[in-house]
Amino acid sequence: MPVKNEVCDTRTWLEHNKGYCNSRQLHKTIVSDKGRAVFNGLINVAQHAIKTDGQMTNNNLLLGKLAEVDTKPQLEIYADDVKCSHGATIGRIDDEQMFYLQSRGIRQQEARHMILYAFAAELTEAIHDSALKQQVLARIGQRLPGGLV
2 MPVKNEVCDT
12 RTWLEHNKGY
22 CNSRQLHKTI
32 VSDKGRAVFN
42 GLINVAQHAI
52 KTDGQMTNNN
62 LLLGKLAEVD
72 TKPQLEIYAD
82 DVKCSHGATI
92 GRIDDEQMFY
102 LQSRGIRQQE
112 ARHMILYAFA
122 AELTEAIHDS
132 ALKQQVLARI
142 GQRLPGGLV
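Converting from the sequence shown to our numbering requires adding 1 to each position, the first position being numbered 1.
Keep in mind that the hints were calculated from the coordinates and are not lab data.
Treat the hints with care, as some may be off.
In silico DMTMM-like links for lysine to aspartate or glutamate, alpha-carbon gap of 20 Å or less [stated by the list, open to error]: (1) K29 to E7; (2) K84 to E16; (3) K35 to D71; (4) K73 to D130; (5) K73 to E16.
Taking CB as the label site, the calculated pair distances span [as the list claims (entries may be wrong)]: (6) H129 to E16: 26 to 36 Å; (7) S131 to Q56: 19 to 29 Å; (8) K5 to D81: 41 to 51 Å.
Every residue, glycine too, gets a C-beta built ideally from N, C-alpha and C.
The whole structure should be built from the sequences, with the hints applied where relevant.
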């Protein structure tokens, strides 16, 4: 979560060397101010790794007008009969989302925090321990101006 002039550089390399394996990667970044995020991810599926099911997703939310994201999710597949996907999104808080929430009596700052919380909370869906989940969300909130609601 880069803020001010910080740079967050994330690189992943996942190699499937056996068949019948699954992988799920979800990378999310919230970039504020003049921050910059870089993501380079690779899933490599070896020739003998049949029936592999791999997924890599990189979602980015820009909060500053000068915030930047460079993203490059990649697949290298050397086997037949696999199911792999990759994708990336870069966006800003949607004016229509803000309008919808504000038209229901939610103040602008609270609406913004709700959207940020929804974006960040997806990262904790796989965490079943509620105390750990709250700690992760609190840590994310520490990096955001105004925190998470």
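How the hints compare with the structure:
1. Simply put, K29 and E7 have alpha-carbon atoms about 16 Å apart, close enough for the 20 Å limit, and the pair holds.
2. Between K84 and E16 the alpha-carbon distance is near 14 Å, which keeps this suggested pair within the 20 Å criterion.
3. Simply put, K35 and D71 have alpha-carbon atoms about 14 Å apart, close enough for the 20 Å limit, and the pair holds.
4. For the proposed pair K73 and D130, the alpha carbon gap of about 32 Å is over 20 Å, so the pair is violated.
5. Between K73 and E16 the alpha-carbon distance is near 17 Å, which keeps this suggested pair within the 20 Å criterion.
6. Checking the proposed 26 to 36 Å range against H129 and E16 shows it holds: the Cβ atoms sit about 27 Å from each other.
7. Checking the proposed 19 to 29 Å range against S131 and Q56 shows it holds: the Cβ atoms sit about 26 Å from each other.
8. Roughly 48 Å separates the CB atoms of K5 and D81, a value that falls within the hinted 41 to 51 Å.
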